[in-house]
Amino acid sequence: GAVVSQHPSWVICKSGTSVKIECRSLDFQATTMFWYRQFPKQSLMLMATSNEGSKATYEQGVEKDKFLINHASLTLSTLTVTSAHPEDSSFYICSAPGRSGGANVLTFGAGSRLTVL
Amino acid sequence: GNSVTQMEGPVTLSEEAFLTINCTYTATGYPSLFWYVQYPGEGLQLLLKATKADDKGSNKGFEATYRKETTSFHLEKGSVQVSDSAVYFCALYSSGGSYIPTFGRGTSLIVHP
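Keeping their order, the protein sequence lines are chains G and Z. Using the working numbering, the first residue of the first sequence is number 1, and each one after it goes up by one. Using the working numbering, the first residue of the second sequence is number 1, and each one after it goes up by one.
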């Protein structure tokens with residue numbers, strides 16, 4: 001089945017530095033990927049939709065200059081948290097859409113836990 | 001717009017108890033409905049799905065039936081195990097709307113031995 005690989009799983013960084021999270025579709029091409037942020041008490045917030053070969057579409061309230069998204073190829077999307085601060089600490093999850101059993105389904109990466117000191 | 005409402009958690013059960021997690025939705029068009037599961041420290045995994053009214057999705061002992069008349073997709077399992085402890089998300093795609101899925105807030109399930 002479809003697999004999405006997300007790295008790193010855990011990252012700790014100092015305030016003011018930038019962190020890059022990679023999301024790869026391993027056995028299929030993903031022209032679109034979704035980036036979510038998960039807050040405490042488990043709610044998922046869609047941050048942006050990355051599109052191969054074009055600019056990402058950001059959800060309202062998400063800072064484009066802080067959360068840089070690049071979809072460089074049909075199998076790779078990256079999220080860069082720039083000038084990270086402690087309030088950016090969170091669990092970030094990517095996903096890619098595909099087809100399964102006649103339905104559109106999402107395949108998720110394992111998530112990346114970011115801690116900003 | 002589309003929306004998904006799940007019962008508040010946490011749901012705490014003893015092993016072998018019966019599980020129901022309620023999910024209702026509003027959507028345009030003819031949505032496909034899903035349950036995703038998230039184990040601690042991991043991303044989400046598709047648990048089961050149903051693409052049309054009266055379909056029953058099932059996997060790993062879990063079941064959910066697509067009820068168009070009540071706009072519901074409740075998750076059930078007859079006998080839960082400690083290993084079922086996780087967060088469960090109800091979600092939908094609407095064929096009449098955008099490709100972006102709509103998720104519920106998630107329901108945490110805790111199963112005690």
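Because the hints were derived from the structure by calculation, they are not lab data. Errors might be hidden in some of the hints.
[To be verified] Restricting the straight-line Cα-Cα distance to at most 27 Å, the calculated cross-link-like pairs of lysine-lysine (DSSO-like) are:
1) Z:K52 <-> G:K41
2) Z:K60 <-> G:K41
3) Z:K52 <-> Z:K77
In this text, all values refer to a predicted model and were calculated from it rather than measured experimentally.
- Item | Hinted pair K60 (chain Z) and K41 (chain G), Cα distance within 27 Å | Within the cut-off at roughly 25 Å; holds.
- Query: Are K52 (chain Z) and K41 (chain G) close enough, with their CA atoms no more than 27 Å apart?
  - Reply: violated, 31 Å
- Taking only the CA atoms, is the gap from K52 (chain Z) to K77 (chain Z) under or equal to 27 Å? With a Cα-Cα distance of about 21 Å, the restraint between K52 (chain Z) and K77 (chain Z) holds, given a limit of 27 Å.
The structure fails hint 1 only (numbered hints given earlier).
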